[in-house]
Each structure stands twice: as C-alpha cells, then as structure tokens.
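K.L.:
Residue numbers (my numbering), protein chains in the order written: chain P, 1 to 455; chain V, 1 to 368.
No lab work stands behind these hints, which were simulated from the structure alone.
Errors might be hidden in some of the hints.
[As the list claims (entries may be wrong)] Quick list of the computed label-pair ranges, beta carbon to beta carbon: (1) V:298 - P:162: 45 to 53 Å; (2) P:40 - V:273: 22 to 30 Å; (3) P:162 - V:292: 33 to 41 Å; (4) V:307 - P:162: 53 to 61 Å; (5) P:180 - V:101: 51 to 59 Å; (6) P:176 - V:367: 44 to 52 Å; (7) P:180 - V:363: 54 to 62 Å.
[Said to hold, decoys possible] With the C-beta cut set under 10 Å, the calculated list includes, among others, these residues of chain V facing chain P: (8) 54; (9) 73; (10) 77; (11) 80; (12) 82; (13) 148; (14) 159; (15) 167; (16) 168; (17) 199.
Just so we're clear, the structure is a prediction, and the values are computed from it rather than from any experiment.
C-beta: ideal position from N, C-alpha, C; glycine also.
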Amino acid sequence: MAIELKMPALSPTMEQGTLAKWLKAEGDRIEPGDIIAEIETDKATMEFEAIDEGVLSKILIEAGTEDVAVGAVIALIEGEGEEPAEASAPEPKKESAPTPTPTPTPSPRAEKPAPATVARDPAIPEGTRLTSTAVREALRDAMAEEMRRDPRVFVMGEEVAEYQGAYKVTQGLLDEFGPKRVIDTPITEYGFAGIGTGAAMGGLRPIVEFMTFNFAMQAIDHIINSAAKTNYMSGGQMRCPIVFRGPNGAASRVGAQHSQNYGPWYASVPGLIVIAPFDAADAKGLLKAAIRSEDPVVFLENELVYGRSFDVPDMDDYVLPIGKARIMREGSDVTIVSYSIGIGMALEAAATLADEGIEAEVIDLRTLRPLDKQAVLTSLAKTNRLIVAEEGWPTCSIASEIISICMEEGFDHLDAPVLRVCNEDVPLPYAANLEKLALIDPARIAEAARKVCYK
Amino acid sequence: MAKQPSKAASAAKKPASPTNAAAAPSDDPDFVLGSLQQAFEANKRYAADEAEMLEFYRQMLLIRRFEEKAGQLYGLGLIGGFCHLYIGQEAVAIGLQSALDNDRDSVITGYRDHGHMLAYGIDPKVIMAELTGREAGISKGKGGSMHMFSTEHKFYGGHGIVGAQVALGGGLALAHQYNEDGGICLAYFGDGAANQGQVYETFNMAALWNLPIVFVVEDNQYAMGTSTKRSSAETRFYRRGTSFRIPGMEVNGMDVLEVRAAAEVAFAHVRAGKGPVLMECNTYRYRGHSMSDPAKYRTREEVQDQRDHHDPIERLKKTLIESGKGEDELKSIDKAIRAEVAQAADFAETSPEPGAGELYTDVLVGEY
C-alpha cells in the first residue's frame with residue numbers, strides 16, 4: 001500500500017505553499033530523516049523531511065508549483081517489496097478531503113479578497129499605476145525607502161537581520177543596509193525597547209520591531225512612561241521619534257498569550273500615535289508617515305494579513321496622513337466602523353448585506369490615536385445607523401470609544417443604538433471550534449447591521 | 001592578574017558594530033574584570049590643582065545649599081509631590097561630570113536629579129522654578145522634580161521609573177556609536193535600581209555591542225527604606241557586571257577627588273572603544289528617600305557618623321586648607337552660594353505658574 005506524502009503546514013497560519021524543489025527523484029530510496037523536498041511558505045523556505053522508508057514511486061506535484069494546499073497529496077512512497085505505482089497518477093480518493101490539485105483552501109475565518117467595490121483612496125491620484133503587493137512587502141518597502149532617505153533610520157528587534165524577520169517583514173534589509181542599521185537583538189524586550197527609546201532621545205530614528213505585540217507587554221513601560229511622556233514632561237524640549245511595530249491581534253491557533261489586540265491599550269495614552277492599517281497601500285503609506293513623525297508611534301500590524309496582496313500605487317514617495325480615516329466602501333443605510341483585520345470582514349459583510357438590499361458604508365479608522373472622529377460622525381449623519389466591528393475584546397475597546405463619540409456628538413443623527421461586534425470576552429482558546437466561536441466574523445457583523453436597520 | 005597590556009591590545013580591535021559576532025567580549029582571553037580597578041588603585045586621588053579644587057568645592061556646596069533650600073520650600077508647601085534630595089552624595093555627580101567632554105558626552109539619571117543638573121552649571125533658578133511648578137521652570141513646570149532635561153547640555157533626564165534610565169542610557173550610547181561622534185554616555189542609577197531586570201538586559205547588550213557607556217551605581221545604602229543587605233544578594237555592585245564581562249570599579253563616593261580619578265580611568269577605557277564600565281560609588285544620603293520619608297530604618301547615630309566623618313564637602317575643605325587656602329576665602333564662597341540659592345528660591349516662588357493653555361501643549365510634536 002503506497003504511503004501518501006501530503007503538503008505539510010509549516011506555520012500556524014500557512015494554508016498553502018510553493019513546492020519549490022524535489023531533492024529526490026522517482027525511484028529513489030527514502031530513509032526516515034532524508035530531506036525530500038523544499039517548500040516555500042510566505043515566510044520562509046523549509047525542508048520537508050521523510051518519516052517513512054521506501055521508494056519514492058510517484059511525484060504528483062511538480063517542482064515550482066505554487067499555491068499547493070496544505071494536506072494535498074504531493075507524492076507516493078512504496079514500501080519495500082511493494083509494486084511500484086502505475087505510471088499514471090492514481091485518482092485521488094473522492095471521499096478524502098485534501099485534493100492533489102494546487103487550489104488554495106482558505107479556512108472559514110480566512111478572508112476572501114476584498115470585493116471590487118472598495119472605494120479608491122482619494123490620496124492616490126487618478127491614473128496612477130497600481131502594483132499588487134503583499135502587506136509584508138509593502139511594510140518592508142516603506143522601511144527600505146525611509147532608510148534610503150534618512151541615515152538616522154534603523155531597525156532593531158529579534159531576528160530582524162540575519163533571519164530576515166520572524167515574519168519576513170524585514171526581508172532583504174540586512175543585505176541593503178548592513179548590520180549597523182539592521183540590528184538583531186537578544187530576546188530582551190524591555191531592554192531593547194528602552195535602548196531604542198534612548199536612541200530616539202539621542203537623535204536617531206529607530207524602528208523597533210516586536211516579534212508580536214504580545215511580547216511588548218514586557219516593554220510597555222518604555223513605550224508609555226519613557227517614549228509617550230517625554231515631550232510633555234520636558235516642556236517640548238526632548239523628543240522621541242520612534243516607531244514600535246509588529247503584528248497585533250489574534251493569529252491562528254496560538255492560544256491566549258499570543259493572541260491579543262493592544263489597539264485600545266495604546267490608544268488610551270496621550271503622547272502616542274497609534275496606527276493599525278488594513279491593506280498594503282495603507283500599510284506602506286502610513287508606515288512611511290510613522291517613521292517621519294516627530295512623535296512616538298505604535299504601529300499595529302496583523303499576521304493574518306501579512307500574506308495578502310493589495311494594489312499599491314507606484315509612486316516615488318507614497319506617504320499618507322496620520323489621523324485620517326478612509327471610506328473603504330460607500331453606502332447609505334448603515335455605517336460599519338472598523339480597523340485592521342476587521343476591515344476585510346466588514347467588507348465581506350457589506351457584500352452580503354448588499355445582496356439583501358442594505359448598502360453599508362465601511363470606514364477604516366486606520367489611525368486609532370488621534371482618532372478621526374469627524375469621519376465617523378460624517379458617515380453617521382449620512383446613514384443614521386452605526387456599528388463597530390473590532391477584532392478584540394469588547395470592554396474598554398475602540399468600539400466603546402466610538403460608541404461614546406456617537407452618544408456625545410452624534411446623538412441627534414442616531415436612528416438606532418450603536419452596536420459593537422467584538423471578540424467574546426474570554427482569553428482566546430486554542431481549540432479550533434472554540435477559537436472560531438470567540439472571534440468576530442462577517443456573519444456577526446452582517447447580523448448586527450441588520451439589527452440596527454431593524455431588518 | 002595584571003594582564004592589561006594584552007587585554008587592551010585585543011579589546012582595541014573590536015569594531016564599533018553592534019552585530020559583529022567575531023568581536024564578542026568572550027573572544028578576549030585576557031579579559032580581566034579587575035583591570036580598571038587596578039589602574040585606579042595605582043593613583044586613587046585625582047591630583048587637582050587649586051582652581052579645580054575650588055570649583056569642585058563651589059559646585060558641591062551649590063548642590064548642598066540648593067537642596068537644603070528645596071527641602072525648606074517643600075516644608076512650606078511650595079514644592080509638591082515627590083522631592084528626592086541629593087545631600088551627602090554631591091561628590092559623585094561632581095567627580096564624574098567634571099571629567100566629561102560636555103560637547104560630546106551625554107548623561108542620564110533617575111529621579112534624584114537636581115545635583116546632576118547643577119553640575120552642568122545650569123541656572124539654579126530654572127531648576128528651582130521647575131520644583132515649584134512655574135512656567136519659567138526648565139520643563140515649563142510640567143515635569144517637576146523627577147522629570148527635568150536639558151538637551152542643550154546633553155542631559156537626558158530625570159526619569160521617574162526606577163531603572164528605566166539605564167536602558168535609555170544604553171540607547172544614548174548606541175546613538176553615540178551610530179553617529180560616530182566620539183561621545184560616551186554616563187548612566188547613573190541607585191542601589192535600588194540595581195535590582196531591576198532591565199539593568200541586566202542593558203548590561204548584556206551594552207557589552208555585546210561594545211557600547212560607549214559608563215554605568216554608575218550610586219550606592220547610598222538604602223533603596224527607599226530597605227538597606228542593601230536586606231535587598232541584594234550581592235551588595236558589592238561593581239561585581240554585577242561580571243556575567244557580562246563588564247569591568248567593575250569600586251569607588252569611595254564621598255571623596256570627590258577619588259571619584260574624579262576613577263572617572264578618568266573609566267572614561268578613557270570607554271572612549272577608547274573598549275566597551276562599558278560598571279562603577280560603584282559608595283555614598284550616603286543624609287535626608288530621607290524623599291521628603292515624605294521619616295527614615296525610621298536607620299539610626300540618628302549612623303547618619304551623624306556619616307556627616308561627621310565622611311562628608312564630601314568637609315573632606316575637600318580639609319584638603320584645601322591643608323594646601324594653604326584660608327577659611328575666610330571658603331566662607332566667602334559659601335556666602336555667595338547662599339545668595340545665589342536665595343535668589344533662585346525667590347525667583348521660583350514669585351514667577352508665575354504656567355498658563356492654563358500649557359495644559360494642551362507638548363503632548364504631540366506634529367499636527368495630525
């Protein structure tokens with residue numbers, strides 16, 4: 001009986017990958033521990049190691065095939081003395097879920113590409129050429145462009161240099177800028193956040209990468225007490241132009257300590273700028289703005305969005321204004337306010353609602369502090385109904401803040417109470433079903449929208 | 001264990017690159033943690049000329065009189081919040097900072113920071129006005145006693161979180177190295193801060209990256225009300241860099257000439273690109289931890305003994321008199337300082353509070 005070799009999942013968020021190279025040919029003997037193939041994820045190239053012995057009887061996915069779904073059968077191994085497989089590929093068993101065809105199988109929670117109805121960003125001039133770019137590349141490009149422009153800008157963090165970034169966001173920077181400007185740190189968040197902050201006080205422009213913002217909890221004292229308050233406490237004498245960046249929010253199946261949205265935490269602190277972009281163009285334009293800012297910036301990315309591609313304008317210097325929300329989709333019946341990964345879900349919900357005759361306007365806050373109140377209130381005045389979708393806990397959230405703004409300054413425009421769609425108020429569980437239950441999704445957003453429309 | 005020549009030779013090869021693994025401190029087989037101490041012991045008291053000694057005397061006395069006045073103003077309710085006085089520790093700041101190159105070097109400290117600012121010759125008026133929370137204060141009255149800065153002098157605070165200034169100082173040193181400006185950073189912290197984890201995180205990176213920084217433990221024997229022996233497994237703080245291969249120095253922080261001699265040795269080492277130094281200055285604060293501390297954790301006799309037998313100002317006064325200075329001349333210095341401090345206090349008391357509009361300024365630099 002042939003053993004099926006299946007496309008492995010090599011990271012918590014991997015859904016497909018490229019079968020880069022076969023290191024064994026059909027007919028080769030395989031021992032456990034042999035490296036059979038190289039597989040590229042969006043983060044790294046990994047070696048695929050045999051755990052069975054036998055003869056590689058059939059390769060089903062050619063080297064160089066992209067988007068091979070995790071779980072797809074990529075080759076067959078015959079045990080000793082078994083008949084080699086037929087020359088033709090065996091029919092995949094119809095009842096088995098993985099198929100050998102290289103089609104991506106997104107998990108239910110993974111977002112679909114944003115619908116074509118996404119409104120054009122007014123910051124992009126008509127006629128600008130657009131290039132599809134993954135969010136992680138857009139972030140990298142932003143850093144590289146700013147490092148070319150300003151010799152004071154440097155990057156520091158765990159695995160940012162030689163490893164090329166734990167999530168590949170700093171890929172290639174070491175090669176271009178060298179170890180002086182792309183600095184690998186030990187695992188010592190409190191220490192290197194303090195050193196970065198001190199370097200900013202000393203006149204440099206550090207970009208401090210946290211492998212994830214969960215680990216920045218160790219360093220939050222420097223972000224808040226040292227970086228955010230310096231300018232005020234010194235009467236405007238001492239500045240702290242630093243960017244703290246990294247992935248934020250729930251990833252995938254990594255449990256409670258690695259899954260948390262710190263947007264509301266940092267957004268509550270005067271003296272900080274807090275940015276949480278969704279798409280690649282905003283990631284690039286806002287990270288460039290963050291690096292140029294004279295103020296300390298917390299720049300919240302999202303691991304689940306890193307690999308998604310969006311159009312990015314081909315402009316020499318694409319810098320977006322901090323503190324300006326963006327209308328992602330125009331609509332007249334209800335406003336959905338969201339940010340970061342929530343935008344993808346909100347757009348999906350809006351597409352569902354449109355089929356039902358409800359036109360939702362989707363506002364991407366993009367910057368959480370200072371918050372673009374006016375954009376929220378203007379949309380509310382237009383639709384008279386508003387919900388907030390936030391991948392994060394409900395208590396003392398950005399959603400709470402938006403609701404408060406609507407109460408205080410938009411009350412006369414409200415035809416229904418403002419509702420919030422947030423994660424469940426529990427630490428994020430590991431079990432797949434419970435995790436799914438805990439996190440927001442487009443269906444819940446659509447349901448809340450119907451509710452405020454009384455439909 | 002005198003192996004200095006070979007140590008210096010191999011250490012000098014270290015390039016100033018944060019990630020040059022080949023130049024890790026552990027590659028230096030002749031590394032001698034005590035080498036700087038030996039150099040210091042060989043010439044323990046700085047041979048100051050008379051003008052220098054008079055200047056040290058004047059500066060220490062200025063700190064003493066300034067702090068006494070601050071204590072008084074606190075008692076009158078003119079200074080609020082926390083106010084940590086430097087009385088007794090004057091020799092540390094003056095001994096060290098007099099050896100700096102103020103065009104290049106930076107300084108950072110914790111919240112007991114008045115003395116370090118006065119050591120720069122910053123006008124006592126703007127410091128006192130900050131203590132009273134006035135618009136003319138060096139932080140426009142928005143920082144207070146614990147949060148004062150003078151970027152003009154490369155004095156970077158004035159930090160209220162115990163130990164934070166050590167990591168921040170590491171960053172200032174990184175900036176010196178990055179800019180290749182030849183400067184070094186002097187980062188002060190207390191025996192209390194010496195038990196904070198980030199201090200050791202910073203030691204590790206400073207040694208790993210060969211940063212130009214002198215870590216100074218001002219060991220005044222008490223972390224608020226807890227004596228070092230009740231809080232610290234290793235009370236000889238200069239040894240605490242050992243795990244990071246940072247050379248240590250143990251210095252009598254009650255003698256300004258000894259501190260200055262130690263500073264010369266430490267600064268030369270760091271300035272030569274040989275990486276960080278950890279200096280322990282043993283000192284004593286006469287007053288409580290802050291103005292609201294009744295200091296019940298130590299005896300009156302203990303404090304009196306320090307005042308009578310170890311006072312840094314009296315010690316230098318003795319040296320000056322031995323070298324032929326007249327008491328009268330020293331008295332006239334004191335008189336001039338008392339007048340200067342009285343003026344600063346008047347200024348701090350009479351100058352206006354910040355306008356209400358200042359509440360909203362300096363939160364952010366940019367407009368968004």
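K.L.:
Determine for every hint whether it applies to the structure shown.
P.N.:
Hint-by-hint comparison with the structure:
At roughly 52 Å, the beta carbons of residue 298 (chain V) and residue 162 (chain P) sit within the given window of 45 to 53 Å. About 42 Å separates the C-beta atoms of residue 40 (chain P) and residue 273 (chain V), a value inconsistent with the hinted range of 22 to 30 Å. Judged by the Cβ atoms, the range 33 to 41 Å given for residue 162 (chain P) and residue 292 (chain V) is violated: they are separated by roughly 51 Å. Remark: the range hint 53 to 61 Å for residue 307 (chain V) to residue 162 (chain P) is upheld by a beta-carbon distance near 56 Å.
Restraint check, residue 180 (chain P) to residue 101 (chain V): a C-beta distance of roughly 23 Å breaks the suggested window 51 to 59 Å. Checked against the given bound of 44 to 52 Å, the beta carbons of residue 176 (chain P) and residue 367 (chain V), roughly 33 Å apart, lie outside it. A beta carbon spacing of about 33 Å between residue 180 (chain P) and residue 363 (chain V) contradicts the range 54 to 62 Å that was offered as a hint. Hint status for residue 54 (chain V) relative to chain P: violated, with the closest Cβ pair at about 32 Å, above 10 Å.
Annotation: interface hint on residue 73 (chain V) violated; nearest CB of chain P at approximately 20 Å, more than 10 Å. At its closest, the beta carbon of residue 77 (chain V) sits 22 Å from a beta carbon of chain P; the interface hint therefore is violated under the 10 Å criterion. Nearest Cβ of chain P to the Cβ of residue 80 (chain V): about 15 Å, over the 10 Å cut. The hint is violated. Because the smallest distance between the Cβ of residue 82 (chain V) and any Cβ of chain P comes to about 14 Å, over 10 Å, the interface hint for this residue is violated.
Of the supplied interface hints, the one on residue 148 (chain V) holds, with its beta-carbon coming within about 8 Å of a beta-carbon of chain P, less than 10 Å. A least Cβ separation of about 7 Å between residue 159 (chain V) and chain P falls short of the 10 Å threshold, and the interface hint therefore holds. About 2 Å separates the beta-carbon of residue 167 (chain V) from the nearest beta-carbon of chain P, less than 10 Å, and the hint is met. Look at residue 168 (chain V): its Cβ gets to within about 4 Å of chain P, closer than 10 Å, so that hint holds up.
For residue 199 (chain V), the interface hint holds, since its Cβ comes within 10 Å of a Cβ in chain P; the closest pair sits about 9 Å apart.
Going through the hint list in order, the structure does not satisfy hints 2, 3, 5, 6, 7, 8, 9, 10, 11 and 12.
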